[in-house]
Amino acid sequence: MFIYYLDLAWRSIKNTPLLSLLMVLAISIGIGITITTLNIYQMASVNPAGERSSVLYEVRLWSQEADSWDEMNPQITYQDGFNLRQSDIPTRQTPMFMTGMAIQTEDPKQAPLLESARVSDSDFFALFSIPFIYGGPWDKAIDKEPGYQVVIRADLNQELFGGQNSVGKVLYLNQKPYKVAGVIDDWKPSPKYYDVNNGAFNDSERLYVPYSLAPIEEYQSWGNNQSWKNESIVTYQDKLASETHWNQYWVELNTPEQKQAYEQWLEGYIAQQQLLGRFASDSPYADISDVSEWLVINKVVPEDSKVLVGLSALFLIVCLVNMLGLLLAKFLKRAPEVGVRRAIGASRTQIFMQHMVEVGVVGFWGGLIGLIWAAVSLSVLSSRFGLEESLTQLDMSMWIIAPTVAITSALVAGLYPAWQICIANPSSHLKSQ
Amino acid sequence: MFHIKPIISTLLRSKSGPLLLLAQIILSVAIVANASFIINERLALMSRDSGVAEDEVFDINIYNFGAGIDYGLQNSLDMQIIRDIPGVKAATSTSMTPLSGGGWSSTLTYGPSEESHKSAPQAAMYYGDEQMMEAMGVKLIEGRNFYPEEVQVGHPDSATKVILSKAFATHVFGEQSPIGQTLYAGGWGEQALEVIGVVEKLQGAWVNSSHLDNAMILNVELGLWPFTKFLVRADAGAMTELKPLITAALHQENKDRVIDGFRMISEHRQRVYQSHELMASVLSMMVILLLMITSLGLTGMVMFNIERRTKQIGTRRALGAKKRDIVSFFLVENYLIALVGGVIGGLLAVQLGQQLMSLYDLPKLALVYPVVTVAGLFVLTTIAVVFPARKAAKISPAIATRTV
Amino acid sequence: MLSMQNISKVFKTDLVETHALRDFNLEVSEGEFVAVTGPSGSGKTTFLNIAGLLEGVTGGEYHLDGVNIANLSDNASSRIRNEKIGFIFQGFNLIPDLNLAENVEVPLRYRGFNSKERAKRVKEALEQVGLGARMKHLPSQLSGGQQQRVAIARALAGKPRFLLADEPTGNLDSIMARQVMELLEDINKAGTTIIMVTHDPELARRAQRNIQIVDGKVCDFTLYNGGKSQTPLEQVAG
Numbered sequence: 001m002f003i004y005y006l007d008l009a010w011r012s013i014k015n016t017p018l019l020s021l022l023m024v025l026a027i028s029i030g031i032g033i034t035i036t037t038l039n040i041y042q043m044a045s046v047n048p049a050g051e052r053s054s055v056l057y058e059v060r061l062w063s064q065e066a067d068s069w070d071e072m073n074p075q076i077t078y079q080d081g082f083n084l085r086q087s088d089i090p091t092r093q094t095p096m097f098m099t100g101m102a103i104q105t106e107d108p109k110q111a112p113l114l115e116s117a118r119v120s121d122s123d124f125f126a127l128f129s130i131p132f133i134y135g136g137p138w139d140k141a142i143d144k145e146p147g148y149q150v151v152i153r154a155d156l157n158q159e160l161f162g163g164q165n166s167v168g169k170v171l172y173l174n175q176k177p178y179k180v181a182g183v184i185d186d187w188k189p190s191p192k193y194y195d196v197n198n199g200a201f202n203d204s205e206r207l208y209v210p211y212s213l214a215p216i217e218e219y220q221s222w223g224n225n226q227s228w229k230n231e232s233i234v235t236y237q238d239k240l241a242s243e244t245h246w247n248q249y250w251v252e253l254n255t256p257e258q259k260q261a262y263e264q265w266l267e268g269y270i271a272q273q274q275l276l277g278r279f280a281s282d283s284p285y286a287d288i289s290d291v292s293e294w295l296v297i298n299k300v301v302p303e304d305s306k307v308l309v310g311l312s313a314l315f316l317i318v319c320l321v322n323m324l325g326l327l328l329a330k331f332l333k334r335a336p337e338v339g340v341r342r343a344i345g346a347s348r349t350q351i352f353m354q355h356m357v358e359v360g361v362v363g364f365w366g367g368l369i370g371l372i373w374a375a376v377s378l379s380v381l382s383s384r385f386g387l388e389e390s391l392t393q394l395d396m397s398m399w400i401i402a403p404t405v406a407i408t409s410a411l412v413a414g415l416y417p418a419w420q421i422c423i424a425n426p427s428s429h430l431k432s433q
Numbered sequence: 001m002f003h004i005k006p007i008i009s010t011l012l013r014s015k016s017g018p019l020l021l022l023a024q025i026i027l028s029v030a031i032v033a034n035a036s037f038i039i040n041e042r043l044a045l046m047s048r049d050s051g052v053a054e055d056e057v058f059d060i061n062i063y064n065f066g067a068g069i070d071y072g073l074q075n076s077l078d079m080q081i082i083r084d085i086p087g088v089k090a091a092t093s094t095s096m097t098p099l100s101g102g103g104w105s106s107t108l109t110y111g112p113s114e115e116s117h118k119s120a121p122q123a124a125m126y127y128g129d130e131q132m133m134e135a136m137g138v139k140l141i142e143g144r145n146f147y148p149e150e151v152q153v154g155h156p157d158s159a160t161k162v163i164l165s166k167a168f169a170t171h172v173f174g175e176q177s178p179i180g181q182t183l184y185a186g187g188w189g190e191q192a193l194e195v196i197g198v199v200e201k202l203q204g205a206w207v208n209s210s211h212l213d214n215a216m217i218l219n220v221e222l223g224l225w226p227f228t229k230f231l232v233r234a235d236a237g238a239m240t241e242l243k244p245l246i247t248a249a250l251h252q253e254n255k256d257r258v259i260d261g262f263r264m265i266s267e268h269r270q271r272v273y274q275s276h277e278l279m280a281s282v283l284s285m286m287v288i289l290l291l292m293i294t295s296l297g298l299t300g301m302v303m304f305n306i307e308r309r310t311k312q313i314g315t316r317r318a319l320g321a322k323k324r325d326i327v328s329f330f331l332v333e334n335y336l337i338a339l340v341g342g343v344i345g346g347l348l349a350v351q352l353g354q355q356l357m358s359l360y361d362l363p364k365l366a367l368v369y370p371v372v373t374v375a376g377l378f379v380l381t382t383i384a385v386v387f388p389a390r391k392a393a394k395i396s397p398a399i400a401t402r403t404v
Numbered sequence: 001m002l003s004m005q006n007i008s009k010v011f012k013t014d015l016v017e018t019h020a021l022r023d024f025n026l027e028v029s030e031g032e033f034v035a036v037t038g039p040s041g042s043g044k045t046t047f048l049n050i051a052g053l054l055e056g057v058t059g060g061e062y063h064l065d066g067v068n069i070a071n072l073s074d075n076a077s078s079r080i081r082n083e084k085i086g087f088i089f090q091g092f093n094l095i096p097d098l099n100l101a102e103n104v105e106v107p108l109r110y111r112g113f114n115s116k117e118r119a120k121r122v123k124e125a126l127e128q129v130g131l132g133a134r135m136k137h138l139p140s141q142l143s144g145g146q147q148q149r150v151a152i153a154r155a156l157a158g159k160p161r162f163l164l165a166d167e168p169t170g171n172l173d174s175i176m177a178r179q180v181m182e183l184l185e186d187i188n189k190a191g192t193t194i195i196m197v198t199h200d201p202e203l204a205r206r207a208q209r210n211i212q213i214v215d216g217k218v219c220d221f222t223l224y225n226g227g228k229s230q231t232p233l234e235q236v237a238g
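Residue numbers (full-length UniProt numbering), protein chains in the order written: chain A, 1 to 433; chain B, 1 to 404; chain C, 1 to 238.
Among these hints, one or two may not hold up.
Sample of chain B residues at the chain A side, in silico, Cβ under 10 angstroms [stated by the list, open to error]: (1) Gln24; (2) Ile31; (3) Val258; (4) Met286; (5) Met292; (6) Leu296.
It is worth saying that the hints were derived from the structure and are not from the lab. Please read these numbers as outputs of a predicted model, since none were measured by experiment. All C-beta atoms, glycine included, are put in the ideal place defined by N, C-alpha and C.
Extracted from the complex, chain A is given alone in its bound form (with noise of 0.2 angstroms):
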């Protein structure tokens, strides 16, 4: 029976060739539209930490002194975050900022490249599992006795080193030679979350150092420093020794003794640092927030984004009640033909079941070219406003979500007018020719 009404709805679609473009063009562009702004908007709020979101916390300290900020900073110092490391609560944990720095390979022909790197320890790897090609990590032992070493992304690796294993090889970083500890795969987590302050959508490093070589190489922040207190900074040490936020710190916490355990360490941290004059406020106090919520308190989905989603979702149903119209008129016409089938034998219910495959049909064209649309509109956003690529690629599962959202929508759009012509009365229209 299906088939039959599948046909039937072919039939008709074809024999009102305008009043069904009408209807297929109204509700795919508003499935369009929809599917535009949602991808925009899912993009940028999926959480890329995957199963590891829960277990992954972000550190916040309140150090102002009382009256000078009134939030808390994203950020936290390098003293701080040098002093973190101390404890073995966490699995695992890493301090680290972005920087930047000029590399040149042993080719004099390689004309030296100004890449923005990453200062961290070599827990790193593990807490964002991130997977290596060649080699791994530096030592442990690095994170406290500082060495020369580094690693590369794939895609730099190729750059540099042809693709080859290049662990053991050397790279001078600003002149001085780093030996390749590991090449990690194409790690690009969208959004950026591990550093959010810094362009949540901007691409990760492809470079990544000691952070123990922080004080000795006095590698620059390339991210955003603030400070609530006036301080004269003129060396680098003057920086490490400031209050300026500058630094990021991520633990991970598997259990829920282990993060009641961490924060009252941080709790008895904040007491000690107030012993030595810092932390001069009423109360302050340490937050970690995992992934999820560390995206949301940094606002990472764009409000527009959620306003043009609204909008596009209101639209959807303008389109909606407009091809309601439509529908309506159209059947209402065809009540003729429907009161002889009726008299023929069709139950109501097959009028109605054949209806709705009308609809469903106009729905899924719908949703299909409606695709199409938030394909072609996302494609010229990303070349005509540069939005990240990783925001405006067509997500897979738009493919589902648009025919069920432009079938299921026609179909609800579809349930009054096919209502209607199933109750109406058959014998009414017999006599008329």
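Following the hints, position chains B and C against chain A.
The following block gives chains B and C in isolation, referenced to the frame of chain A:
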């Protein structure tokens, strides 16, 4: 001449058709009013003047990675190299690029004494030299520029003189002349800065900040870090030719550095306003499509109604209705729907605006938007109705006498 | 096999109550050919709609094949229509988008026959009305008489026990009307019970039995012998 009463009763009797049209109009008005409000707000943001000659100014970044460099000395050297290149009209060392989204800002303090000191609003800090105003193309309206001998080299702490943007000066000193006044970088009394000039207009780097128009120029060529930055002014379009010349000259002096940037301020503007432009474009697209769909829906409904009432129209014509009467019948009918829909839609628009304002960082919907939208709705209704209605008016009165 | 007792049917609007049928009694037995006449608005079509289960009754009892159809669900009455009843209308009511075969196939679709069975019955039915060679034509390509024969084929395809005809020749010229009438008579002879509403006395006379409905009541019925007329009935133009 309009017989509104029978039209109303017709409308009330045929429930679903007009009701659907009504729903569509209500939603459309609510969306269009809010969307066009947001569009206009974004366009207004984007059209603000930065004060800088955006098509003539570009920036250069230099990253010195060689060991043992005196960054201050290197910076002065580079400055001279750039200025000596033919085609460069003016150049300055700078701490930041206007409209770039990144840079320096601070809240200064001022006041006659420590007890009565006040904090100035957040303001962008351009550290540069006597060519900075010329390099950016900003206009001095009061006081004077730095003398070349006043310009310091090295740490920002060595700044002593400051030139303010007019907006910033008015914020801090009101109508009185700021020339000769003192601002303090840091707490009151720490590092006094003497105000020596006011420029008509100069924006900072952060276009979403409410302090965008607050900016100052300080008399220091920074030279502390491996990173240095310059602003260069040349004829519009000359950057393409200058880029290889400048790069080569700088590399010739010292090859251990990476030189990039070379981005016009106009390009910075485009990037920094991209998200607003995106929002405005997507919303405009939405509004246009919505108007299209609504008017198509309206036309479709009218056509359907005409078809359903073919006989009725014929009868009316047979009874002496003029063509004009038929057209005005449909017009009045749809005006009524548009009026009701417009009023409810306008109220809904205000409500939606309130929701958006409370949930998101959007300003309050200006009332003129729903009003204009409803006015536009009537124009749209007229266009969408008149064409099919004129066709209806051509229905022959003879139809009435046909039996079936 | 068709039995109506004290049937009444009232149509209500906000302002008026119309008694289309009142105290309506009728018995029709298997194999009869009944002609129903009556003035315009007397309730003929209402009677036919009720007989064909297109409309319910306000009061009274209606038994078809011993089944009380008063309280049947829509599904059940649709099924009875599909299996036991065939309809023929004045306006033919063919579905214009479907070709002849597809039109005839419609009731078989709802009955759930497989495609082989459907094809067989469609062919039989169309051959029976003499249109076996035109299966792929569209209704608009046929004359009125041919269209009505297709409608008859459609009614016959389900092998119904009842044929309900509402002015089947009303839109046809006299030659075509006669052909259709002969076809109906053949069908009746083959065993199908036919109830035909008409206002053509010529046609009514050819039926075995005449019923006149006036003001929603059966007011007179005359039995004809062998289809030969005895008492002409007064006719009121409809």
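- Query: Which hint numbers does the structure go against, in order from smallest to largest?
  - Reply: none
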